[in-house]
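Novice: So the chains spell out like this:
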Amino acid sequence: MAKLLNLTWVFALLALLAVGGGTAVLPEMQNMTVRHFHWITDTQFRDMYSLGQVAPGPNMTMVLLIGYHVAGLLGALVVGLAFFLPDCVLTLVAHRLWNRWGDSPWRGSIQHGMAPVAIGLMAAGTFAVARLSIFNLTSLLIAAAVFAVLAWRHVNPALLVLGGGFAYALLPHVIHMFPHH
Amino acid sequence: MNEASAVPEAGVVSTASLGAIFYTFLTVGAISFGGGAIAYLREYIVSDAKWLDDDGFLDGLEISQTLPGLNTVNMSVIVGDKLRGIPGAIVAALGLVLPGAAVIMALGIAWGPQAHNPNVRYFLIGVASAAVGLLTTVTLQLGHKQIAKPLDLGIILVTFIAISIVRVPLYVVLLVIGPAAVWLYRPSAHHEGLEERARHLRERLRHRHAMYIRQ
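Chain order of the listed sequences is A and B.
Note that the first sequence ends on residue 181 in our numbering; no numbers are left out.
Note that the second sequence ends on residue 215 in our numbering; no numbers are left out.
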């Protein structure tokens, strides 16, 4: 029960802090679930994040796996509600009130001021994933290759992500087929 | 509220049944990968079903991006609310999230016993590495205008260093850097071309999401 309560407040808080989307909140999620509560390890956090990358839909459904790991199916349900419901309610209320604030000059100030903060947070989220995954030349080359392909043309990200997975899993075998000695 | 909903909302072109809303969002939730869901939503809701016009959709996007949370989920709530009020918002959000939730649970349950299988581990490391390339692209696409402006670049760097290097808790960053950044852009600050930048932001929004739409 204590675990379910902790899962609820941690993920509800993360939901409210997710300015700039899911990537922006990744470092804090790692902080809370790995370093503070020790629910999962860094490696499990990375692997759950990767599983989320090969699932369709909104990119943070991986939070369900953290809940599942901590407290089974009920944990997954609790985390799902805690992570998605607060922002849905907030959005519903804000959408209905938005036009009343429509002409406030502060609306532009908030959008202009928060935009670079959100970019900084996304960069920090990217860095958090990099710290967990880029630890040799192969992984660095995979990240660079995906970046280069996307700079060249738009390719379905799902294909690139799957390609990265297969490349990392298969490259050692390919290299061993051509031994140096 | 009833009187307000009797008047058709700006941007709404035609009505939709709850079932049709659910099915549309379920489809988008099932086929979108890697952050392309907004483009699919626009394709289905503006181009195909013609439930909203482009301005109605982009107005919703402006709200959904400003608020905390996942952009696509926020957007589903707004579109659902525009079309059918609170029930519409509920079925839209559920439809969007359910397919991914089912897939991730299946993957997670299958992965559990295989977590130490080297092939599985390597595969997931490769996926995370590829995600770094993807996330870098998305961050630069969203931020390239800001990176070119010294004030914005400063805010980006302070935020990044606070989180990644100093490891300041996120709520502290949002309570300190957030209001400071908004204050730097306060209405009386008279930044040159603030109006023009607002227009740029909208243009970029259009461009960015148009990019993801399959031809």
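Treat the hints with care, since some could be wrong.
Some, not all, of what chain B presents toward chain A, calculated at C-beta under 7 Å [claimed, not checked]: (1) G29; (2) A30; (3) G69; (4) V77; (5) I104; (6) Y122; (7) L124; (8) G126; (9) R186.
Hints are computed from structural coordinates only; laboratory data are not their basis.
These figures come from a predicted structure and were not determined experimentally.
Every residue gets a Cβ at the ideal spot worked out from N, C-alpha and C, and that includes glycine.
Novice: Now tell me if each hint is right for this structure.
Specialist: How the hints compare with the structure:
| no. | hint | in the structure |
| --- | --- | --- |
| 1 | G29 | 4 Å, holds |
| 2 | A30 | 5 Å, holds |
| 3 | G69 | 3 Å, holds |
| 4 | V77 | 5 Å, holds |
| 5 | I104 | 4 Å, holds |
| 6 | Y122 | 4 Å, holds |
| 7 | L124 | 4 Å, holds |
| 8 | G126 | 3 Å, holds |
| 9 | R186 | 5 Å, holds |
Hint check: no violations occur; every hint is consistent with the structure.
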